[in-house]
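Student: Sequence:
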Amino acid sequence: MSGKYIITLKDSVTDAQIEAAAKQITEQGGTITERYTSALKGFAVEMPDNGLHSLQAHEHVEDIEPEGEVSAFAKSALNK
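Heads up: the sequence shown at position 32 corresponds to 32 in full-length UniProt numbering, and the numbers run straight through without jumps.
Please keep in mind that the hints were generated in silico from the structure rather than gathered at the bench. Please note that a few of the clues may not be correct.
Pairs of lysine to aspartate or glutamate residues, derived as DMTMM-like cross-links and limited to a Cα-Cα distance of at most 25 Å, are as follows [said to hold, decoys possible]:
#1 4 with 67
#2 23 with 62
#3 23 with 11
What follows is a list of derived Cβ distance ranges for each label pair [said to hold, decoys possible]:
#4 40 with 16: 25 to 33 Å
#5 68 with 16: 13 to 21 Å
#6 17 with 44: 16 to 24 Å
#7 2 with 63: 18 to 26 Å
#8 14 with 39: 27 to 35 Å
#9 56 with 12: 14 to 22 Å
#10 44 with 11: 28 to 36 Å
#11 19 with 56: 16 to 24 Å
Note that CB positions come from ideal geometry on N, CA and C, so glycine has one too.
Sequences and hints are given; from them, build the entire structure.
Tutor: Here is the structure:
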């Protein structure tokens, strides 16, 4: 099974380390659908779930989260 994920890299990564992480993603059967370089360093990817395990152990990966929808109009507990 595959899924869509947001992979956040550590702030201290160099361009070469970003490229190494991108290479590992494709070697694990993933496809990079978006690259992030401004607010955060990382990627949006589609990849097999079994490829995530090696990425989670990658020294330059900060976090991996399932991709989800964000709403600007979401209600918070404070609005009740």
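Student: State for each hint whether it applies.
Tutor: Hint check:
1. 4 with 67: Distance of about 5 Å is within 25 Å: holds.
2. 23 with 62: holds, 17 Å
3. 23 with 11: holds, 19 Å
4. 40 with 16: 25 to 33 Å: The hinted range 25 to 33 Å is violated for residue 40 and residue 16, with Cβ atoms some 18 Å apart.
5. 68 with 16: 13 to 21 Å: At roughly 30 Å between Cβ atoms, residue 16 and residue 68 fall outside 13 to 21 Å, so the hint is violated.
6. 17 with 44: 16 to 24 Å: holds, 18 Å
7. 2 with 63: 18 to 26 Å: holds, 19 Å
8. 14 with 39: 27 to 35 Å: violated, 18 Å
9. 56 with 12: 14 to 22 Å: Holds, at about 18 Å.
10. 44 with 11: 28 to 36 Å: violated, 18 Å
11. 19 with 56: 16 to 24 Å: Check passed, 19 Å falls within 16 to 24 Å.
Consistency with the previously given hints fails for numbers 4, 5, 8, 10, ordered from lowest to highest.
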